[in-house]
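Go by the hints and put chain U onto chain L.
2 protein chains.
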Amino acid sequence: MADERVKQEAVATRPGNKRRRPRVVIVGGGFAGIHAASGLARLDVDATVVDRRNHHLFQPLLYQVATAVLSPADIAQPIRTILRQQKNAEVLMDEVVGIDAEARVVSLASGVRIEYDYLALATGATHSYFGHEEWAKQAPGLKTIEDAIEIRRRVLLAFELAERQMVERGWHPPLNFVVIGGGPTGVELAGAVSDIARHYMTHDFRHIQPDKARVCLLDGGHRILAAYPEDLSARAEATLKKLGVEVHTEAQVTGVGPGWVEANGERMEAVVTLWAAGVEASPLGKMLGAPPKVNLDERGCVLVNDRLNPPGLPEVFVLGDLAHVEQDGRQVPGVAQPAMQMGDFLGKAIAADLGGKPRPVFRYFDKGDMATIGRMSAVADVKWPFRAHMSGWPAWFTWVTVHIFFLIGFRNRLSVLANWMWTYFTFTRGARLITGDQRLPGWEEQTEAKRSDKGRAAD
Amino acid sequence: MADERVKQEAVATRPGNKRRRPRVVIVGGGFAGIHAASGLARLDVDATVVDRRNHHLFQPLLYQVATAVLSPADIAQPIRTILRQQKNAEVLMDEVVGIDAEARVVSLASGVRIEYDYLALATGATHSYFGHEEWAKQAPGLKTIEDAIEIRRRVLLAFELAERQMVERGWHPPLNFVVIGGGPTGVELAGAVSDIARHYMTHDFRHIQPDKARVCLLDGGHRILAAYPEDLSARAEATLKKLGVEVHTEAQVTGVGPGWVEANGERMEAVVTLWAAGVEASPLGKMLGAPPKVNLDERGCVLVNDRLNPPGLPEVFVLGDLAHVEQDGRQVPGVAQPAMQMGDFLGKAIAADLGGKPRPVFRYFDKGDMATIGRMSAVADVKWPFRAHMSGWPAWFTWVTVHIFFLIGFRNRLSVLANWMWTYFTFTRGARLITGDQRLPGWEEQTEAKRSDKGRAAD
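Sequences listed follow chains L and U, in order.
Per numbering that gives the first Met the number 0, the first sequence starts with residue 0, numbered consecutively.
Per numbering that gives the first Met the number 0, the second sequence starts with residue 0, numbered consecutively.
By construction, these hints were calculated from the structure, which means they are not laboratory data.
Some hints here could point you the wrong way.
Said to hold, decoys possible - Here are some chain L residues pointing at chain U (derived, C-beta under 8 Å): (1) Pro71; (2) Arg79; (3) Phe424.
Ideal Cβ placement from N, Cα and C applies to all residues, glycine included.
Excised from the complex, chain L in its bound form:
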């Protein structure tokens, strides 16, 4: 009875709600969430998409915002614009603060409570500092547009401060950029930063030599791109080295501070440190916690069955990076492709329910992986429509085609293509803006340290 009253109240807060098509609440407007919502377009349900942000973000290109090739608007679209034609979907910009899986009610930060018949959690994952949250300030990660703008600010600012210091003192701290984490994001960031220094800045400065900048990529494992086949890892490493990136594997980061990174107990100078290591699931999984007990893996991902439900909660689906799905004895990776496929699966499962048929089983169809490495190079582990290990510019060309194809929103595709062509043919990066704070943590410290080293020669 008490539960029934909770439900009634929840419904009562939705004005004009006439009973009653099943309501599907989708939390998160990433790849999984958008695909989940779109998959409901022709079903006799009402969908509510809840996201803290007003926009869907095309994550695979976020590193290009961080490295001044694209503008945020090129890779982001308002979620409600994407779903504008889908009349059975509403979008709420709000944050989920509680889930009552028994009463089937989701509570939002604003106080709104939404009763659901189906709940899809697709809030993804973010980077993890392995318990060292204090490193976040020194070494920003790349997950949101704000992150990308912050990284762009730091990278560009380092060159400006060095130029200024040359005028002031005739020397500057070495331009060392350190990228921590040798996964696709780390490899892409390292390659792009090296590109900036070696190709895009060369004519712009009068006192510094941007191509003398060092870019170091640190990875704790014994090879970068550990999820790729070994030959592609080796080719990626060779390409990075050709770009001038120093690749350090088996490098365990033990400290990050203003102006330095410590790996394997050894300290190296770092004007800018970028974090591309570690994955931690969104806390939404924990909210499903009790009762009944939902199991999370060590990253906080929700263990789900082959229909993407946590055991005992057939009306709850966990999609995308937040889901821990085992297939053929291996975990489905937390990248865009499986997220889209899991999103698509939601519609199929609910359609089966509505039609009174048994739900299908989710199966990830892996078309392969790819990562760019600087200007016009990439590695691709192609699994469909043929199997191949590609590298160099053929892989890069494939990467461009696939990413343009999957970019949501026709205008964005055009704009991204135009920006890419401009960037690659003219060696000019279009979005080289420094906004916000105009200091760099660690820069002053290094300058002061060096000043006492060098005595009063410059005074």
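Okay, now just chain U, sitting in the frame of chain L:
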């Protein structure tokens, strides 16, 4: 002797400086500063451009960033990229903190001191709150990219919060947007915000009716666009009214607070308040202060003669919005055109000095003014190559052509044109991103006030 030593030291801080071509220091990378630097390209001088920001901003289109049509990178370019081919120009991202006009030394925030032979001050102006700095938080003005992003955030967020509130309570505070100041920026902002509400949001929301939003434009004078001929003011007002903008002239703003604006003692609700009134010169003019005494007008602009020098300082030029130049008994206006022409004048004056000829006299050649009013309408007071008062879409078409032509950087022109075509033909705004803080000052206050008004009906 003492002065001579100061000079020697200043030079000594510039490593590798061989005596000695005249050094021209240009402070500010706006229209005046960029034109000033470019005008020195073929002269036997060394130029240093100092700006706090790394980018030149195409100010006349900034309101389109604030209203989600363009991205910041579309209207901004790094100053050093603009000047990359000009080998006698260096760019320093730094802030001027002092000017010693007697010793001819400029001091920068980083500690760098630059001796100059010529100094060009072109640091422009910003909006002024007429002594009510406390209004700035409630009513942001539009001068920097950060300002534009903040305005965009507030405008877009208002609709999101209203939609959320409809779901929560079945009502929302009225969507009143108040623009204070009826100059070109105020008119352009008001028209663009009205466009967003009436054209670009209509299919995106399920619970609110964005076209029910009110946009009010307040001006203290007896007509908007006071610098334009009276017939164009009247046409602009008529066009705004057709767009649904309420135009209130003779409206003296006496207070601005969270969720409200008080004009002529009467309080009106305002979900978002934008400030487009008042001009205040950059504080650089004051630094010229003494000795000798330089005169400033009431806005802080430096009074200069017809060669753009403050009296008694022939080696100092004041350019752009910071300069108070009288011509034919009227003050040259603080807009882009005279700034560019003043910038160009610097090169001519210095060339005359180097050639041992008398300096020319500056004369502003006024080609006219224009301002857009929402979608495909504008007013233009054309003075060259023919004289005409234009309005409606012919004026708009002229506006587009002129602005594309003057946009610095070929890529930006292409990108802006593409974004405009996309926006105007598809009724979709490309840059509708909400980043940063996801609250709105005043929103909660209004909600709480209304909640007690309405009693417990919604509970």
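Next on the checklist: Tell me the hint numbers this structure goes against, listed in increasing order.
Outcome noted: Hint 3 alone not satisfied by this model.
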